[in-house]
Amino acid sequence: MRQRIAASLLLAATTLGGAAPIAARAEPVQPAPPGQGKTIAFDVHEGTSMAVSVSPNGKFLTVDLQGSLWIIPAKGGRAKLITDYFNDARQPVWSPDSKTLAYFAYRDGGYDLWTVSPDGSDAKKLTEGAYDDREPSWSPDGSKIAFSSDRLGSASYNIWTIEVGTGKLEQITTNPNEDRMPTWSPDGREIAYSSAQGTQVALWAVSLADRKERMLKQVEGRVDAPSWGPDGQLAYVVADAKGSHLEIDGKAVSGAENVFPFRVSWLPGKGGYYYVSDGRIRRRSGSRVTEVPFTAKLEVTRPQYTRAKRDFDTTAPRRALGIVKPAVSPDGSQIAFIALGDLYLMPATGGTPENLTKDHAMEADVAWSPDGSSLVYTSDKGGGLPQLWIRNLKTGRDRQLTRMDTQPLGAAWSPDGTRIAFIDVDGMWGVAGVCVVDVETGKVTRLQASLGQPGSPSWSADGKNIAIGLSYKFSSSFREGTNQIYVIPADGKGPPVWQVPQANASIDTRGGGGPAWSPDGTKMAAIYEGLLKIWPVSADGTPAGPPRSYTSDISYFPSWAGDSKTILYQSADKVKSIDIETGVIREIPINLSYTLAKPTGRTVIHVSNLVDSVRDVTQHDKDIVIEGNRIASISDHDPALHTSAAKFIDGTGLTAIPGLIEHHAHVQKDFGANAHRAWLAYGITTVRDPGNQPYDGVEDREANESGVRIGPRIYTNGPLLEWQRVYYKMGVAVAGPAHLERELERARLLKYDVVKSYVRMPDLYQRRIVEAAHAMGVPVTGHEIYPAAYTGVDATEHMGATSRRGYSPKQGPQARSYEDVIQLFGQSQRVLTPTNFGALLGYLEKNPGYKNDPRLGLYPGWAQKSVQEQNPMLMAMRQSMLAGSLQSLKAMYDAGTKITAGTDTTIAINLHAEIASYVDASLTPFQALQSATKTPAEALNLDAGTLEAGKLADIVLLDGDPRENIANTFNVRKVITNGRPYGVDELVKLGDRP
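Numbering-wise, numbering that gives the first Met the number 0 puts 874 at position 875 of the sequence shown, and it's gapless, one number per residue.
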């Protein structure tokens with residue numbers, strides 16, 4: 000491991016609170032970035048989302064710049080790093096004697112309280128366990144630390160204290176609200192804190208003598224970060240329509256500054272206080288304000304590794320890896336599954352599967368009837384949106400079972416064969432209710448209204464209950480929880496019941512991790528730690544023992560045979576079965592391959608205008624010659640070319656641009672094949688999916704490559720790699736290092752195009768992800784910025800969005816980013832996909848007719864409404880964040896950041912709004928166009944994104960020139976994807992096919 004010893008700031012000859020002089024110490028030795036990348040050091044003078052604390056003796060400050068602790072002389076100067084980059088250390092506070100710093104840190108995958116000496120020595124972890132402990136505050140006598148914690152496990156954040164000497168914990172508040180950011184009164188008799196009840200946040204105080212609570216302050220907007228001063232003053236931060244400002248006892252004191260939402264740090268007596276605003280450290284004493292200048296050295300790495308490159312030319316057979324949710328028949332003799340866009344059936348002994356559907360529809364989620372005579376599955380073969388269909392295996396006939404406005408998925412047959420349970424998707428990212436349908440009449444009964452991305456249903460043996468996987472949250476402050484079992488009465492009577500087989504352990508994923516109830520009702524199976532585990536249950540699903548492992552290799556989607564002894568499951572790129580009595584595991588060979596659907600012959604396109612996305616110029620009267628699926632030449636118009644071409648496309652009056660690349664969209668089965676046609680209809684020829692269920696994204700990729708699914712090429716990831724807690728159904732709760740290695744091996748075998756390290760992945764394990772992914776030749780992305788930029792993480796998703804901290808290290812209040820963030824992106828030249836949430840509102844205000852575009856009809860009604868109707872959340876985000884995001888985006892672009900356009904939605908119009916928002920940020924229309932063409936193509940290592948000879952023939956013909964008006968990207972008339980042309984009207988009609 001490479002060691003670095005940076006220049007240290009000497010604290011010699013300085014006494015901290017009467018302590019002996021501190022010897023000079025070198026800065027911490029950093030774990031080296033993996034690989035052979037180039038590391039670059041640079042200085043910054045501003046910090047984003049940075050907190051400050053002053054030592055009570057007034058000599059030093061500490062800040063938490065980008066997740067590390069730094070010591071700065073109180074008058075300013077060079078900052079000395081005292082912790083390494085991998086702690087995610089936040090909100091440090093000095094002890095009353097100035098000898099110790101307390102902070103909370105995420106080093107090993109949970110927020111815990113720590114202390115450290117100001118020279119960086121003697122770091123100690125004060126709290127342990129599955130819960131998050133945050134926001135420490137010293138008692139006036141230094142004997143205790145107050146903090147906020149979710150350690151009740153299923154309720155809320157409360158205020159706790161810990162005795163520093165003994166470690167004794169005491170719960171101070173017991174209300175069901177979200178109590179955060181504690182601060183002690185000067186006399187030590189009360190603790191004040193912010194308390195959230197739903198969207199209303201107020202400041203409260205609790206008496207330590209009798210635990211009585213009293214309200215201190217309530218404001219319009221959000222009030223946060225209370226801090227009691229030495230004379231009983233109460234400072235706090237208010238975020239409202241005017242911005243984020245500091246108040247003391249009801250009086251605003253910070254003017255137009257953009258104040259960060261952290262507690263101010265008081266000096267004793269009349270010395271005033273320190274805080275951070277506009278990225279700068281400031282001190283106020285009365286009406287006098289001074290700025291404390293500082294210089295801190297950060298490091299980034301530009302990774303160097305051999306990139307994997309997708310093959311879009313070779314037509315040799317390719318093994319199908321996207322085998323989606325294989326289900327074993329009740330008698331154990333057959334397996335049904337989805338692959339390459341269709342429904343397949345094969346013997347359980349292995350072999351060549353039989354394609355049962357053979358169409359361009361999207362099929363998903365197949366399940367067997369109890370007698371093995373029929374299959375139920377989801378398909379959009381009837382035209383429009385996906386519904387449930389039943390196939391009679393004896394007659395080979397299909398019958399449409401449901402006709403709903405929502406999209407049914409995850410069907411499961413009741414034990415008596417009369418009902419089918421399913422989830423009906425009615426919101427983004429798999430938000431869904433739980434329903435049952437009568438098999439004979441088609442009558443649907445909704446048992447549960449919309450839930451947070453539930454898993455597929457599984458029936459009890461007596462047909463009285465239905466179990467699903469659902470996220471069990473720790474609190475309302477943070478959305479992540481553990482995947483547990485939610486048991487719903489099948490008759491709709493009585494409340495659902497949570498079942499937790501193992502406290503604080505999470506089923507890997509709700510996408511295919513179970514639970515699966517055995518047909519005899521005595522057992523449940525699910526995936527924990529990447530392994531198949533089984534435990535005994537009572538008739539109502541109550542655990543009767545702990546989950547026990549039955550596999551040692553990564554496992555997914557358990558499916559029981561009718562004997563309740565055999566389970567079929569997926570293991571990376573294989574399908575296996577296990578006899579749970581003997582433990583014998585058998586691999587089931589699946590002989591399924593496909594060939595690349597590559598067109599042949601010559602196509603000539605004549606266009607009046609052409610923007611190649613290489614030069615900022617519009618060329619005129621051009622011919623584009625395509626041979627097969629690649630551009631052979633671009634030249635001045637020659638009528639003779641038209642007669643020699645097998646195909647001629649007349650684009651007179653139109654402008655050719657490269658096919659657009661949606662660099663952040665989550666491809667989901669609930670939208671059906673229509674979503675893929677919609678992307679094409681809006682000019683999008685490539686979609687990068689940074690998070691999906693393990694096999695679904697691979698199936699999307701292969702269905703497109705094989706020509707079965709009409710749509711853009713897909714670059715896909717598997718699940719978002721979380722750590723122990725998880726939010727999204729497409730995420731996986733990685734239980735520990737061994738589980739992470741299993742996930743990385745599955746990523747390698749399934750040939751993911753990108754790997755995403757998500758919100759709660761510790762930074763040290765993110766480093767391991769980088770190492771493994773780069774060895775595969777694929778990039779790593781995530782929400783994080785640091786130490787991600789040092790470790791060699793290739794890209795960052797979103798300027799805002801979710802953070803494990805509850806605030807973003809990329810943006811301060813009003814979505815403003817400062818020098819540290821701008822330089823971390825610029826110096827590393829990393830990829831940033833901003834996803835400007837709220838951009839669509841302004842885009843439609845300028846172009847109101849776009850709301851009624853016929854292409855929107857390819858989406859479900861609820862998705863259409865999200866475009867056509869005002870969205871309060873997006874309106875609020877636009878008002879409070881969009882201007883700051885655009886200002887920061889321009890600064891990052893100018894610093895060298897590679898901006899790629901992505902939307903985090905499946906609704907394609909959003910990409911056009913995203914691109915247009917970059918022009919609002921003062922990029923030129925051509926630069927904005929490159930963000931959805933040339934730049935993401937380079938990030939994907941894809942031969943597309945520009946109109947040049949040798950590139951893949953991804954071309955869009957527009958009415959209007961986007962260099963003159965970026966909104967013209969919306970006016971798609973024809974799209975050529977991988978050399979195949981489609982008209983917009985044709986794509987819309989395909990979505991309405993009978």
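Treat the hints with care, as some may be off.
Using C-beta positions, here's what the derived DEER-type ranges look like [what the hints assert, rightly or not]: (1) N590 with K845: 31 to 39 Å; (2) D358 with D539: 22 to 30 Å; (3) G270 with K250: 15 to 23 Å; (4) D893 with K124: 20 to 28 Å; (5) E937 with Q501: 39 to 47 Å; (6) D42 with G197: 23 to 31 Å; (7) P545 with D415: 41 to 49 Å.
Note that these hints are calculated values from the structure, not bench results. Ideal Cβ placement from N, Cα and C applies to all residues, glycine included.
So, going through the hints one by one against the coordinates:
no., hint, result
1, N590 with K845: 31 to 39 Å, "violated (54 Å)"
2, D358 with D539: 22 to 30 Å, "violated (41 Å)"
3, G270 with K250: 15 to 23 Å, "holds (19 Å)"
4, D893 with K124: 20 to 28 Å, "violated (42 Å)"
5, E937 with Q501: 39 to 47 Å, "holds (45 Å)"
6, D42 with G197: 23 to 31 Å, "violated (44 Å)"
7, P545 with D415: 41 to 49 Å, "violated (31 Å)"
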